[in-house]
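With the hints as extra help, turn the sequences into a complete structure.
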Amino acid sequence: GENVEQHPSTLSVQEGDSAVIKCTYSDSASNYFPWYKQELGKGPQLIIDIRSNVGEKKDQRIAVTLNKTAKHFSLHITETQPEDSAVYFCAASTSGTYKYIFGTGTRLKVLA
Amino acid sequence: GAVVSQHPSRVICKSGTSVKIECRSLDFQATTMFWYRQFPKQSLMLMATSNEGSKATYEQGVEKDKFLINHASLTLSTLTVTSAHPEDSSFYICSARDGQGNNSPLHFGNGTRLTVT
Numbered sequence: 001g002e003n004v005e006q007h008p009s010t011l012s013v014q015e016g017d018s019a020v021i022k023c024t025y026s027d028s029a030s031n032y033f034p035w036y037k038q039e040l041g042k043g044p045q046l047i048i049d050i051r052s053n054v055g056e057k058k059d060q061r062i063a064v065t066l067n068k069t070a071k072h073f074s075l076h077i078t079e080t081q082p083e084d085s086a087v088y089f090c091a092a093s094t095s096g097t098y099k100y101i102f103g104t105g106t107r108l109k110v111l112a
Numbered sequence: 001g002a003v004v005s006q007h008p009s010r011v012i013c014k015s016g017t018s019v020k021i022e023c024r025s026l027d028f029q030a031t032t033m034f035w036y037r038q039f040p041k042q043s044l045m046l047m048a049t050s051n052e053g054s055k056a057t058y059e060q061g062v063e064k065d066k067f068l069i070n071h072a073s074l075t076l077s078t079l080t081v082t083s084a085h086p087e088d089s090s091f092y093i094c095s096a097r098d099g100q101g102n103n104s105p106l107h108f109g110n111g112t113r114l115t116v117t
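Those sequence lines, one after another, are chains A and B.
At position 83 of the first sequence the residue is numbered 83 (my numbering), and the sequence of numbers has no breaks.
At position 8 of the second sequence the residue is numbered 8 (my numbering), and the sequence of numbers has no breaks.
Honestly, the hints are just simulated from the structure, not real lab data.
Just so you know, not all the hints are guaranteed correct.
Each pair of labels, with its calculated beta carbon distance range [what the hints assert, rightly or not]:
no.	chain 1	residue 1	chain 2	residue 2	range
1	A	72	B	42	17 to 25 angstroms
2	A	28	B	105	27 to 35 angstroms
3	A	12	B	42	16 to 24 angstroms
4	B	8	A	12	31 to 39 angstroms
5	A	83	B	45	26 to 34 angstroms
6	A	111	B	82	39 to 47 angstroms
7	A	40	B	63	46 to 54 angstroms
8	A	1	B	10	41 to 49 angstroms
9	B	14	A	72	41 to 49 angstroms
10	A	16	B	22	26 to 34 angstroms
Distance condition first, Cα-Cα at most 20 angstroms in a straight line; then the derived SDA-like pairs of lysine to any residue [unchecked claim]:
no.	chain 1	residue 1	chain 2	residue 2
11	A	109	B	17
12	A	99	B	78
13	B	66	B	41
14	A	99	B	74
15	A	99	B	82
16	A	37	B	45
Bear in mind that the values here come from a model prediction, so they are computed numbers and not experimental data.
Even for Gly, the Cβ is constructed at its ideal location relative to N, Cα and C.
Written as structure tokens, this is what we have:
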């Protein structure tokens, strides 16, 4: 089955710097890759997603890149702000199963 | 945007009792909803897929008699933790897909923190 690895597990950056979180997946049939932000005590919120026919997608300070050959995708947050501090999860959705397999999460701390 | 409402947000119950958690899609219909469990500082583990009008599909290792799922309408799925024990204490999160196909976004509720004393 699909396996998603996520790194790093924790990440601290200075306010204004960029943050990059990387995920790798194992199933080449996966074709949808969302990213979620989870704040303490709340459910995950979708922040950006990318489909396998696209290499990059950007939404203001957030961007996601996908390398299908290498089977990895990354989340890039620029000009980080304290409110970006949260746990971020990547996920991969495998064709035909309708299931999301989540990465292990990255705890991002943006230091003011 | 698609909103998934989960209730209650917190519940404390005694060992041996049952607890029901509701998950509603507020502005869209969801033929399929998903129930996850999350331990502190860990990722989300899929417990079961709830299918409207039919039986839920449980992941390996999840006891279907312990975690009863009912999906009676296109906007409501319920998870009942039966005969709860302290080890059932966890954060339970439901989600629903807005649209058809596995490439549709999955939207999550705000979770239910269950504490069994």
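Against the structure, the hints come out as follows:
1. A C-beta distance of roughly 22 angstroms is found between residue 72 of chain A and residue 42 of chain B, which places it inside the suggested range of 17 to 25 angstroms.
2. Distance hint check: the CB atoms of residue 28 of chain A and residue 105 of chain B are about 22 angstroms apart, inconsistent with the given range 27 to 35 angstroms.
3. Look at residue 12 of chain A against residue 42 of chain B: about 20 angstroms separates their beta carbons, and that is inside 16 to 24 angstroms.
4. At about 34 angstroms, the beta-carbon gap between residue 8 of chain B and residue 12 of chain A stays in the expected band of 31 to 39 angstroms.
5. Against the hinted window of 26 to 34 angstroms, the Cβ-Cβ separation of residue 83 of chain A and residue 45 of chain B comes to about 28 angstroms, which satisfies the hint.
6. In this structure the supplied range 39 to 47 angstroms holds for residue 111 of chain A paired with residue 82 of chain B, their Cβ-Cβ distance being about 45 angstroms.
7. Taken as a hint, the range 46 to 54 angstroms is violated for the pair residue 40 of chain A and residue 63 of chain B, whose Cβ atoms sit roughly 29 angstroms apart.
8. Separated by about 33 angstroms at the C-beta atoms, residue 1 of chain A and residue 10 of chain B break the suggested range of 41 to 49 angstroms.
9. At roughly 47 angstroms, the beta carbons of residue 14 of chain B and residue 72 of chain A sit within the given window of 41 to 49 angstroms.
10. With their beta carbons about 42 angstroms apart, residue 16 of chain A and residue 22 of chain B fall outside the hinted range of 26 to 34 angstroms.
11. With a C-alpha separation of about 39 angstroms, the suggested pairing of residue 109 of chain A with residue 17 of chain B is violated against the 20 angstroms cut-off.
12. Annotation: proposed proximity of residue 99 of chain A to residue 78 of chain B holds, straight-line Cα distance about 19 angstroms (limit 20 angstroms).
13. Restraint check for residue 66 of chain B and residue 41 of chain B: the C-alpha separation of about 24 angstroms exceeds 20 angstroms, so the hint is violated.
14. With a CA separation close to 19 angstroms, the supplied pair residue 99 of chain A and residue 74 of chain B stays within the 20 angstroms bound.
15. In summary, the hint linking residue 99 of chain A to residue 82 of chain B is not supported, as the alpha carbons are separated by about 25 angstroms, beyond the 20 angstroms threshold.
16. Distance check on the hinted pair: residue 37 of chain A and residue 45 of chain B sit about 16 angstroms apart at the alpha-carbon level, within 20 angstroms; holds.
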